[in-house]
Amino acid sequence: MRRAGLTSLIAFVGITVALLVGVLAAGWAPLLGLDLQGGISVVLKPAPGTDPEGLDARLDQAMGIIRNRVDAIGVAEPDITRQGQTIVVQLPGVKDQERALELVGTTAELRFRPVLAAVPAASLETTTTVAGDGTATTVAGESTATTAVGDTTTAPSTTPATTAPSTTAPSTTAPSTTEAGMDSVGGPLAPGEYAGGASESAQAATTTAAPTTTAADGATVTTAATTDTTAPVDPTAITARADDQADKEVVLPSFETVDGKRTETFRYLLGPTLVSGNALSDASAQLTQNGQWLVAITFKDGDENIGAWRSAASACVAKTTTCPTGQLAVALDGEVLSAPTVQSDFAGVNSATITGTFTEREAKDLATALQYGSLPIELERQQSQEVSATVGNDALRAGVIAGIIGLVIVALYLLLYYKILGAVAIAALVMSFGLLWAVISWLGETQGLALTLAGVVGIIVSIGVSVDSNVVYFENIKDDMRSGRTLRSSAERSFRTSLSTILKADSVSLIGAGLLYWLTVGPVRGFAFYLGLSTLLDLVATWFFMRPAVRFLAQTNLASSRPDLFGIPRHDHEPPGGAQPPTPSSSTAVPV
Amino acid sequence: MGTLRRLFRNETNYNFIRAWRWGAVISLVAVAISLLSFGFRGLERGIDFVGGTAWEVPTSQLTVSETRDVLRPLGLEEAKIQTVGGDLVRVQGPNQTPEEVATIRTALADAAGISADTVAVTQVGPSWGSEISSKAIRALIFFFIAIAIYITWALRDWRMAVGALVAVVHDIIISIGVYSVFRIEVTPATLIAFLTILGFSLYDTVVVFDKLRENAARTALSGTMTYTELASLSMNQVLMRSLNTSITAILPVLSILVVGSVILGATTLEEFGIALLVGLIVGAYSSIFVATPLVAWLKEREPKYREVRKRLGRSKGEVIMTSPAEAADAREVEAHRLPTTTRPGAVPRPPKPGAAAPTVIPPRPRKQRRR
Chain L
1 MRRAGLTSLI AFVGITVALL VGVLAAGWAP LLGLDLQGGI SVVLKPAPGT
51 DPEGLDARLD QAMGIIRNRV DAIGVAEPDI TRQGQTIVVQ LPGVKDQERA
101 LELVGTTAEL RFRPVLAAVP AASLETTTTV AGDGTATTVA GESTATTAVG
151 DTTTAPSTTP ATTAPSTTAP STTAPSTTEA GMDSVGGPLA PGEYAGGASE
201 SAQAATTTAA PTTTAADGAT VTTAATTDTT APVDPTAITA RADDQADKEV
251 VLPSFETVDG KRTETFRYLL GPTLVSGNAL SDASAQLTQN GQWLVAITFK
301 DGDENIGAWR SAASACVAKT TTCPTGQLAV ALDGEVLSAP TVQSDFAGVN
351 SATITGTFTE REAKDLATAL QYGSLPIELE RQQSQEVSAT VGNDALRAGV
401 IAGIIGLVIV ALYLLLYYKI LGAVAIAALV MSFGLLWAVI SWLGETQGLA
451 LTLAGVVGII VSIGVSVDSN VVYFENIKDD MRSGRTLRSS AERSFRTSLS
501 TILKADSVSL IGAGLLYWLT VGPVRGFAFY LGLSTLLDLV ATWFFMRPAV
551 RFLAQTNLAS SRPDLFGIPR HDHEPPGGAQ PPTPSSSTAV PV
Chain D
1 MGTLRRLFRN ETNYNFIRAW RWGAVISLVA VAISLLSFGF RGLERGIDFV
51 GGTAWEVPTS QLTVSETRDV LRPLGLEEAK IQTVGGDLVR VQGPNQTPEE
101 VATIRTALAD AAGISADTVA VTQVGPSWGS EISSKAIRAL IFFFIAIAIY
151 ITWALRDWRM AVGALVAVVH DIIISIGVYS VFRIEVTPAT LIAFLTILGF
201 SLYDTVVVFD KLRENAARTA LSGTMTYTEL ASLSMNQVLM RSLNTSITAI
251 LPVLSILVVG SVILGATTLE EFGIALLVGL IVGAYSSIFV ATPLVAWLKE
301 REPKYREVRK RLGRSKGEVI MTSPAEAADA REVEAHRLPT TTRPGAVPRP
351 PKPGAAAPTV IPPRPRKQRR R
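Here the protein sequences line up with chains L and D, keeping their order. FYI, this note's numbering numbers position 97 of the first sequence as 97, with every residue one higher than the one before it. FYI, this note's numbering numbers position 267 of the second sequence as 267, with every residue one higher than the one before it.
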């Protein structure tokens, strides 16, 4: 019995110390929440009146888009979570609030844009370029592929879009932007190189090349007139988000993910939007009979939907100035998802298929993106909070200092009142705190779960709960000893009674913490989590530390010779003869 | 023997029955004041609940009137300006466009002579507050239901669930009342703190009830005292524990309040601290003065205890307390009666003669070891 208790005690202390040392050795520390290290948090919700159809999937998609955007600006530990229909974005360490709000707040639109030129990302360093879509995706089946890429590229410098009926005012200004764009290459890159590169690429892709050079030359001539009115487009510099507008020419990258690593594959110079994502009514990934994945899309009726698509398609098939390469890119949120070559003018058909060398995953991702594009979610800002790093650090410092002082006072009180038992209680507190530190560090490191100020308060409050368990136990021991038992015999007996009380009371805390966690959002959740966690650890410490420790101490000689050192009134267990009867207290008792 | 010493030895013998009457009066008055104040004055709700924009400028250079001068040309005359802890100025105003927010931010930073980066801005949409409040209220309702079921199950008595819940509702009403009467701003931190208090108050109540149940099972069946007397007695027994736990819970909270907010000036900690302190005090009070007497009152209506009361020939609510001398007599009597305890396998253990026994409760019978 004695040995078993001691083993459990030593094992518990050993495991706690080992965990703590392990965590410290691994260099893990609790991940600090936004309110403790500074940063920005934004809470978003779908705007009222959002179509509830497939909302879950669309919210997930929106979250994915936000995550991509945040990753792109390199935030260290972004925390983007969904709680019901609410999206909570936390960006620790980010200072520029306007930028962050713009990042997460703007609605992503799916757009079909014509490809004006393409450069493989890998070649950007050396500026040797190859045009064309390496992924060889093609749109629709029947008509055979017409490959020539470069043959109409001379057009942009001269003829403003005339062929595509759907393109309205914006698209007519576009070609001139191209010129300006070509010109701006003259700045950072030296004028000839891009042109040269472009012509090379045209050759590589098969046919006649020269025109592009002319385009560049033409551009140099005409710039003076145009630069003032239109923003120059540098085909090698990705367009900033703010400038990524439907009616402008843009440069957007495409990515591929291999083994979880995202690498840029191509950089596209894209014309103004020809068809918007709203034109889509449905998109799905399908498996063909010969085992290939394709994405089938259907358009809504109406001039601005299927009508726009048909005119865009015929422009691409004819390779007019609006769609010189014959490729129509699918762009979502600053990224080209796919740039298939159009092979039909879709006269009389409402649907299209996108084929290529898709994996199942790629096909499904594309289909999801297209579906989202048909009904983008407009997110409304519920709350945005910025905590400056200094305020956060101050709060943390204040919380830690307050916690330590609170602990010291409680420790002194326990020592004064319960003496040796008080020391055991303090040791139990230290143990459960050690465990808590290890668990919080582990959660922060592996699960990205941050410790917030609310969490710190939860933990400080749980000091009270832990001490309560000890007090319940000690008072029970005192009770028992008053009725004549020795410390040795009451230690175990009282533990059983106390444990039942502690379990009941802790259950109430756990039920509360659990419900709060499930049913609330934001800071309340963090608080509930840490309150629940520390309550659980309190139970662990009570069972594995408190019980064997008190039992062990109760068996020492000290326990029988100096019970006062255990905070137990002296006379209570002295042999009956020596006991003084208690002085009758007339002040408070009312005799019958 | 001084009061403290008696407390230390768990040998108090306070007449809680009388105190409970006062408690009932005090609680009723406090609840009435709280409800009236809430009804007429409402609560001072922070921007998290009403929507708006807040700027926090970490500076000791600006006074409230200087800040107002800075804001006046920007159309924010009505803004609420506070200095917090001596080195933070907080401005709260209605919702603004991002450009306006940025302009005000820069203006404040310039006036304080600091960089605009260090001015923290919080913006809250108008529906966010109602969203968190409605979520919290929903959580609260589920919490009450779950706790009622749990206590009924764990303590095997629905009356105790009623007592505990009434005590908690009492705590909520009075805490709201304190916030309403003293015009303390309600923030999400306040909400969290209140929820903590609920758990804490319930924890305390459950410990008291567990003792009550234990004593009732052992003694009351022998018919030597009414349930109310029993409750008062149990209260005396757990008084030290209640005091100790309340003290050990209040000490860290006081530390949060004093160190965190007064000395180091952390606003959120102050919000937590005030709410926790109010709640802890009300919670400790309600376990003793609301939950327990209510259970006693309900229990007295049970036929079993009505019988006891009749047999002991006591009128309803008569104040009965035993003096230690009487307690000794009662103990003698009980030593003979104990075998009638319902607990199967319980072996009565007569107390050692002469041992100090301030209460009439005999020692706990040895429990059979659970297998």
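In short, the hints are calculated from the structure, not lab data. A portion of the hints provided could be inaccurate.
[What the hints assert, rightly or not] Cβ-Cβ distance ranges computed for the label pairs, FRET-style:
id: 1; chain 1: L; residue 1: ALA47; chain 2: D; residue 2: ASP87; range: 49 to 55 Å
id: 2; chain 1: L; residue 1: THR353; chain 2: D; residue 2: LEU74; range: 52 to 58 Å
id: 3; chain 1: L; residue 1: PRO48; chain 2: D; residue 2: ASP110; range: 35 to 41 Å
id: 4; chain 1: D; residue 1: ILE149; chain 2: L; residue 2: LEU55; range: 58 to 64 Å
id: 5; chain 1: D; residue 1: ASP110; chain 2: L; residue 2: ASP60; range: 52 to 58 Å
id: 6; chain 1: D; residue 1: GLY75; chain 2: L; residue 2: ASN393; range: 50 to 56 Å
id: 7; chain 1: D; residue 1: LEU74; chain 2: L; residue 2: GLU53; range: 41 to 47 Å
id: 8; chain 1: D; residue 1: ILE149; chain 2: L; residue 2: LYS300; range: 50 to 56 Å
Beta carbons: idealized from backbone N, C-alpha and C, even for Gly.
Structure-based check of all given hints:
no. : hint                            : result
1   : L:ALA47 / D:ASP87: 49 to 55 Å   : violated, 39 Å
2   : L:THR353 / D:LEU74: 52 to 58 Å  : holds, 57 Å
3   : L:PRO48 / D:ASP110: 35 to 41 Å  : holds, 38 Å
4   : D:ILE149 / L:LEU55: 58 to 64 Å  : violated, 33 Å
5   : D:ASP110 / L:ASP60: 52 to 58 Å  : violated, 43 Å
6   : D:GLY75 / L:ASN393: 50 to 56 Å  : violated, 33 Å
7   : D:LEU74 / L:GLU53: 41 to 47 Å   : holds, 44 Å
8   : D:ILE149 / L:LYS300: 50 to 56 Å : holds, 52 Å
Checked against the numbered hints above, the structure breaks hints 1, 4, 5 and 6 and satisfies the rest.
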